[in-house]
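Enquirer: The listed protein sequences correspond, in order, to chains U, H, P and V. The first sequence begins at 171 in my numbering and counts up one residue at a time. The second sequence begins at 171 in my numbering and counts up one residue at a time. The third sequence begins at 171 in my numbering and counts up one residue at a time. The fourth sequence begins at 171 in my numbering and counts up one residue at a time.
Everything labelled a hint here was simulated from the structure, so no lab data went into it. Wrong hints could be hidden among the right ones.
Which copy is meant is left open, because identical chains are indistinguishable; a pair holds if it fits in one copy or across any two.
With a straight-line Cα cutoff of 30 Å, these simulated DSSO-like cross-link-like pairs (lysine-lysine) come out [as the list claims (entries may be wrong)]: (1) Lys-318 <-> Lys-395; (2) Lys-245 <-> Lys-395; (3) Lys-304 <-> Lys-245; (4) Lys-296 <-> Lys-318; (5) Lys-412 <-> Lys-304; (6) Lys-246 <-> Lys-296; (7) Lys-363 <-> Lys-296; (8) Lys-246 <-> Lys-412; (9) Lys-245 <-> Lys-176; (10) Lys-296 <-> Lys-402; (11) Lys-412 <-> Lys-176.
Number of protein chains: 4
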Amino acid sequence: MQQKRKIINDPVFGFINIPNDFVYEIIQHPYLQRLNRIRQLGLAAFVYPGAQHTRLLHSIGAMYLMNETISNLMKKGHEISTDERNGALAAILMHDIGHGPFSHVLEHSLVPNVHHEAISLLLMRKMNNEWNGKLQTAIDIFTDNYPKRFLHQLVSGQLDVDRLDYLRRDSFFTGVSEGNIGSARIIKMLDVKNDSLVVESKGIYSIENFLMARRLMYWQVYLHKTAVAAEKMLINLLARAKELTQQGYNCLPPLPSPIFCRKKHR
Amino acid sequence: MQQKRKIINDPVFGFINIPNDFVYEIIQHPYLQRLNRIRQLGLAAFVYPGAQHTRLLHSIGAMYLMNETISNLMKKGHEISTDERNGALAAILMHDIGHGPFSHVLEHSLVPNVHHEAISLLLMRKMNNEWNGKLQTAIDIFTDNYPKRFLHQLVSGQLDVDRLDYLRRDSFFTGVSEGNIGSARIIKMLDVKNDSLVVESKGIYSIENFLMARRLMYWQVYLHKTAVAAEKMLINLLARAKELTQQGYNCLPPLPSPIFCRKKHR
Amino acid sequence: MQQKRKIINDPVFGFINIPNDFVYEIIQHPYLQRLNRIRQLGLAAFVYPGAQHTRLLHSIGAMYLMNETISNLMKKGHEISTDERNGALAAILMHDIGHGPFSHVLEHSLVPNVHHEAISLLLMRKMNNEWNGKLQTAIDIFTDNYPKRFLHQLVSGQLDVDRLDYLRRDSFFTGVSEGNIGSARIIKMLDVKNDSLVVESKGIYSIENFLMARRLMYWQVYLHKTAVAAEKMLINLLARAKELTQQGYNCLPPLPSPIFCRKKHR
Amino acid sequence: MQQKRKIINDPVFGFINIPNDFVYEIIQHPYLQRLNRIRQLGLAAFVYPGAQHTRLLHSIGAMYLMNETISNLMKKGHEISTDERNGALAAILMHDIGHGPFSHVLEHSLVPNVHHEAISLLLMRKMNNEWNGKLQTAIDIFTDNYPKRFLHQLVSGQLDVDRLDYLRRDSFFTGVSEGNIGSARIIKMLDVKNDSLVVESKGIYSIENFLMARRLMYWQVYLHKTAVAAEKMLINLLARAKELTQQGYNCLPPLPSPIFCRKKHR
């Protein structure tokens, strides 16, 4: 009997097959589903109104690119076991689960000085306990404690599938066409040498283009003055709300609506 | 001195120029800005995770198509005054301001039996008062009380710019490529005869394609069983919450999180 | 050792991998390479100046879709051997090798009443002799003499990969966006029942869209009055040239430049 | 009465309106139509089989971008007369009419040491005589003898519409996505200061992207080793054919088929 295949319709990469039940279960987990209410670009949507895409879709897109990359590396003769493949897929799927709403805002206000990756790891460990260690390989890859270190580099490195996905995706949804890197080409150029991710020499121009696109997206989108200003305002708003709350005021959600605080009646 | 030009970056149509200050002011109004937190496709985002686009961007896209259409009709020799043009632009911009969250849900629960267009009109009239009648032409066009009736047909008819925008836009963000109609071609084929919108005969295949694309989008997206089921569940949820509230329970927002209701302490 | 992978850059489908040496050799054969000088749309390029794409690229694109389709059918549990896969790939690659320049023109002038498919088969048999029967499975599939008849249907049927490729490709290069069918979706919906190609029921709208797109492309492109007129003129031109030649005149190529004929000096 | 509008369907920019009869007549001229048989990328089509697009379509695309640019500059308050606009449109339309088949090959063989721009100018002057001086402004702009020098810069400069078109177009037809510059954005950023073309400061990243894309296209496409090798072979082939012809041999066309030469019988 054929297995029921799950397919996700992604406007960026087309049909994305969920490769197996293990991956499917992770996507179904509430920690992942929560990401479907967090916008990838946070307040940059003020400037680019099309950029409403969520961190969940980004995570699934990165999982897709990881799957493509691993298939390519295997075709080039590198051995990657099913457990390793699943570990890498799980690690990239969950790399963002520690993100709060308006992520950088959160890091500067509600949980100051805690990087979102630390929270991601915390949640992964919690899931791993729930699931009797099924995520151990994923965690080892995520924390760079797995022997084949190139797998960690694919999750988090200078040329990881996280970046390959978000540049294309953010370019697609903002309409800033210059960020549209050739991810398929780059993936075809990737190889492994001495347990380290490398790029075939004829891929050098695609890499330069990737670096340039990244810089361009930073200046045109991620660090756009209006988005940065909105973020700063929100951080200050939250700080003030905290202050008032500590003074006994009552502040009404939800964000990002204006916060109204009033003295609690006693 | 040149005027400061406002441009919106739309991933569907590219750069959209805000044609003048009148249009700009409408977009800035809180009634319009509110639409930036209402998803065009509501709960269909459960099925098509990329479909997070908002009603504001749809309204702006439809305004863009209206502007293109009017320019084309004028090139074909039809007289359209600046006031009429602005009226049509304003009418299409505001045609959706009556939408509530999960619009059809709303129509079946919070304000039963009130169509969103009636609310749109209500809000337009309120704005018109605020602005000393500046929106009168827009309202006349919207309610089909304006002499040049083809302008109303462009706002709301069998082949209006509302549909031209949402089919392309929903196709773009869902990834359902079959909905991608050739809006530019259709607009070039539009003409006016006896005060009625008509299509040049050689445009017939584009129109058939448009009708087919519309039907396809209905079955594949708008009436997708999962989206419809989610909507039904939300309607029932709200009905139950209303019931409980009337019995003295206290229900906590926000939606679409689970609603927790508990007996109010007295 | 890893094999040298050959990749073709196709603007329509992105990178196309040449799956193996057998397929590569076929592409390299002069009969295939000749197709790189025959335009897919012949004289329709008068109307759609972007439509200069060749029959070779179309054949390679159809081969790519065949490969995708076979992978999908195998995932659904259907057994397809390596020989059968190669046979189907070869059959679709070579299905057009009988096309002459301005193919339909040719069929009405130089070799009247001979269909291009008959010439294709002739050339395939010639190649099969050269290659000691390596193309026998391909020929059997092409002529519908192979037991698994759905393979023939994929090469030539109501919903074959030939049509799936040319609709998308012709749409891409002409700029007639309505022809852009969702080939990836259709391929995912294909299945086999009683040795016959079938479509999953939920794919019905994609199929309707495919049929509509096909009709639209016929009227807007393939039967465009200017292209048809140009073809008729060329057929008459060639007929007259033939006549004059038989009367002892000397006609100078090349086409499609004006043909100058002058009386041979003796 | 409305004028019959001519529209060209361009897969890159969509519908291109022919702005007026003057421009239409130029496109109809045999010198322009000849460009419809010369491929923009010459022998690079060996490497990128989709790249069959012709110099005529490129010229028309560049004309379209010129028209957009001029409209934008006028919106920014710069005065450009109808004669100047037509001159600039004509100059860019005709800038490539001096190209021979396999253009760089030609420059190294048939007409050694004559740059194609010199031939373009020659042909423009011939047309100008035929047309009683109607192309004088165009020629003055082309040769940088027109007072408003920024018009010449738009035809031929560091950031001219020629480059804006060919980068996007060659990227589109080769499938090398990295060359896809944001031409619409760049055009919006162009301005004129002291009769010189300048770029608004916030456009700097688009310009960097443009430069990078250009470099990338040079290495990946224009200077691709296979295309360059094919060109060198053709140059040598032609040189040898010339030699043999001078020795009394008879060489049969057409190119790019192999050239067969045989001793003339007398």
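Enquirer: Check Lys-246 against Lys-412 for me: Cα-Cα at most 30 Å, and say if that holds within a copy, between copies, both or neither.
Expert: neither (55 Å within a copy, 48 Å between copies)
Enquirer: Within a copy, between copies, both or neither: where do Lys-363 and Lys-296 come within 30 Å Cα-Cα?
Expert: neither (34 Å within a copy, 46 Å between copies)
Enquirer: Given a CA cutoff of 30 Å, do Lys-246 and Lys-296 count as a within-copy pair, a between-copy pair, both, or neither?
Expert: Neither. Shortest intra-copy (36 Å) and inter-copy (36 Å) distances fail the 30 Å Cα cut-off.
Enquirer: Classify it for me, Lys-296 with Lys-318: is the Cα-Cα distance of at most 30 Å met within a copy, between copies, both or neither?
Expert: For Lys-296 and Lys-318, the Cα distance is within 30 Å only inside one copy (24 Å; across copies 52 Å).
Enquirer: Under a CA distance limit of 30 Å, which applies to Lys-245 and Lys-395: within one copy, between copies, both, or neither?
Expert: between (45 Å within a copy, 26 Å between copies)
Enquirer: Quick one: Lys-318 to Lys-395, C-alpha cut-off 30 Å, is that within a copy, between copies, both, or neither?
Expert: Answer is neither: 41 Å inside a copy and 36 Å across each miss the 30 Å cutoff.
Enquirer: What label fits Lys-412 with Lys-176 when the C-alpha limit is 30 Å: within, between, both, or neither?
Expert: Neither: 44 Å inside a chain and 37 Å across chains, both beyond 30 Å.
Enquirer: Is it within, between, both or neither when you check Lys-304 against Lys-245 at 30 Å Cα-Cα?
Expert: both (27 Å within a copy, 26 Å between copies)
Enquirer: Using 30 Å as the alpha-carbon threshold, which applies to Lys-245 and Lys-176: within, between, both, or neither?
Expert: So Lys-245 and Lys-176 pass the 30 Å test inside a copy (25 Å) and across (13 Å) alike.
Enquirer: With 30 Å as the alpha-carbon cut-off, assign the pair Lys-412 and Lys-304 to within, between, both or neither.
Expert: Neither: 39 Å inside a chain and 43 Å across chains, both beyond 30 Å.
Enquirer: When no copy is specified for Lys-296 and Lys-402, does a C-alpha distance of 30 Å or less occur within a copy, between copies, both, or neither?
Expert: Answer is neither: 32 Å inside a copy and 34 Å across each miss the 30 Å cutoff.
Of the numbered hints listed earlier, those contradicted by the structure are 1, 5, 6, 7, 8, 10 and 11.
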